[in-house]
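Asks: These are the residues of each chain, in order.
Number of protein chains: 2
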Amino acid sequence: MQNENLYKELLRRFRLKVTLTRLHVLDVLANTPVALSHADITEQLAEYDIDKVTLYRTLNAFTKCGLAHKVATEDRNWLYALHMPDDAPSEVTSDHAHFVCDECERIYCLPMETGNNTRDIKEEQGFVIRSQEYRLHGTCPECHTQFSQQ
Amino acid sequence: MQNENLYKELLRRFRLKVTLTRLHVLDVLANTPVALSHADITEQLAEYDIDKVTLYRTLNAFTKCGLAHKVATEDRNWLYALHMPDDAPSEVTSDHAHFVCDECERIYCLPMETGNNTRDIKEEQGFVIRSQEYRLHGTCPECHTQFSQQ
DNA sequence: TAAAAAATGCAACAAAGTTGCAATACGTTG
DNA sequence: CAACGTATTGCAACTTTGTTGCATTTTTTA
Ligand SMILES: [Mn+2]
Ligand SMILES: [Mn+2]
Ligand SMILES: [Zn+2]
Ligand SMILES: [Zn+2]
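Protein chains in written order, with our numbering: chain A, 1114 to 1263; chain B, 1114 to 1263.
There could be a bad hint or two in this list.
One copy or any two copies: either way a pair holds, since identical chains are not told apart in the list.
[Unchecked claim] In the DMTMM-like style, the derived pairs of lysine to aspartate or glutamate whose C-alpha atoms are separated by at most 25 angstroms in a straight line are: (1) 1183 <-> 1218; (2) 1177 <-> 1187; (3) 1183 <-> 1216; (4) 1121 <-> 1164; (5) 1177 <-> 1216; (6) 1177 <-> 1215; (7) 1183 <-> 1215; (8) 1121 <-> 1237; (9) 1177 <-> 1188; (10) 1121 <-> 1246; (11) 1165 <-> 1187.
Please keep in mind that the hints were generated in silico from the structure rather than gathered at the bench.
Work out the full structure: start from the sequences and follow the hints.
Replies: Printed below as a string of structure tokens:
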């Protein structure tokens, strides 16, 4: 594992004990541009034979402390991603944007751009807004390229 | 049922056969401002003792033809809502906005406002956008009022 | 190195939704 | 209105995804 010390530091910053499983999961999450499911992570860590309950608990711990966030997919499961580098690190319910690929079902985390006025309108109507998520659906560059070449 | 004929017409427009269960479900969905779960609908239609599988199939049928749409919640189940009156009626993957109340977990369907430039940015980056969903999280007016009064 | 607290692994459980299949209802045609 | 073909329904069994309880092991701090 290349960034082991970085991961250890990160875990400590979020008051999580350093364990081998957590380091492995962190390594997987840190090295992908997309959000990953429990099944994805299990597959990538197959050689370490990680217990399924331990992995669920690890992902819940990451989510609870704000190290990661989870996104519910259309097909009733969750994908996990570390918060983006430019996110405030301890901000759990920060604004968020995602791109959902309809072909490969990958979910990309995006920086949230401002400019939408729906928020202001709803606040005038008495809704109290704490965070927002903006989801784009379509085809990701990888899938689009594949399609075009065939 | 007040609007029985309206519902029948609606079902026929979407090429669905008219059945009693579908009329009841349609009636429930048409008379709420929020998206409803399988459990919510079962409860509201308790007197008719609707089979759970039939209800799932009904909701799937409504979703597939575009009469309704479903929203995945954080706690891995689905809420269903009819498309809004000002939606193009046969547009299945139309743009959408939702307000998610963190207190009561109700999801309100909102008209989608424009003005966000994330879409344009991602298109420049090679993502093909087919639809977008914008989600606000916070406290709805009902819950906010309750809290304030106590 | 010892003690306290937290994490792990296993088995059992739970919730949400799907599948297969026989029985029933819908709607079209005559 | 009757009869037929097709779609829908109801039931039981199953699947997927995730949680809970509890005994054991690991981590951390002193
Ligand atoms: Mn994200
Ligand atoms: Mn909606
Ligand atoms: Zn893709
Ligand atoms: Zn509320």
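Asks: What label fits residue 1177 with residue 1188 when the C-alpha limit is 25 angstroms: within, between, both, or neither?
Replies: both (23 angstroms within a copy, 14 angstroms between copies)
Asks: Pop the pair residue 1121 and residue 1237 into one bin, within, between, both or neither, using alpha-carbon distances up to 25 angstroms.
Replies: This pair counts as neither: shortest intra-copy Cα distance 45 angstroms, inter-copy 37 angstroms.
Asks: Give the relationship of residue 1177 and residue 1215 under a CA distance limit of 25 angstroms: within one copy only, between copies only, both, or neither.
Replies: Intra 28 angstroms, inter 16 angstroms, cutoff 25 angstroms: inter-copy only.
Asks: With 25 angstroms as the alpha-carbon cut-off, assign the pair residue 1183 and residue 1215 to within, between, both or neither.
Replies: Both, since 19 angstroms and 16 angstroms are each at most 25 angstroms.
Asks: When Cα atoms must be at most 25 angstroms apart, do residue 1183 and residue 1216 count as within-copy, between-copy, both, or neither?
Replies: Classified as both: same-chain Cα gap 20 angstroms, cross-chain 19 angstroms, threshold 25 angstroms.
Asks: Could you place residue 1177 and residue 1187 in one of the four classes (within, between, both, neither) given a Cα distance threshold of 25 angstroms?
Replies: both (22 angstroms within a copy, 14 angstroms between copies)
Asks: If the cutoff is 25 angstroms on CA atoms, where do residue 1183 and residue 1218 land: within, between, both or neither? Let me know, please.
Replies: both (15 angstroms within a copy, 17 angstroms between copies)
Asks: Evaluate residue 1121 and residue 1246 at a C-alpha cut-off of 25 angstroms and name the case that applies: within, between, both or neither.
Replies: neither (30 angstroms within a copy, 36 angstroms between copies)
Asks: From the Cα coordinates, with 25 angstroms as the cut-off, is the pair residue 1165 and residue 1187 best called within, between, both, or neither?
Replies: both (22 angstroms within a copy, 20 angstroms between copies)
Asks: For the identical chains here, do residue 1121 and residue 1164 meet the 25 angstroms Cα criterion within one copy, between copies, both, or neither?
Replies: Intra 21 angstroms, inter 52 angstroms, cutoff 25 angstroms: intra-copy only.
Asks: Within a copy, between copies, both or neither: where do residue 1177 and residue 1216 come within 25 angstroms Cα-Cα?
Replies: Classified as between; 18 angstroms across copies, 30 angstroms inside a copy.
Against the hints set out earlier in the document, violations occur for numbers 8 and 10.
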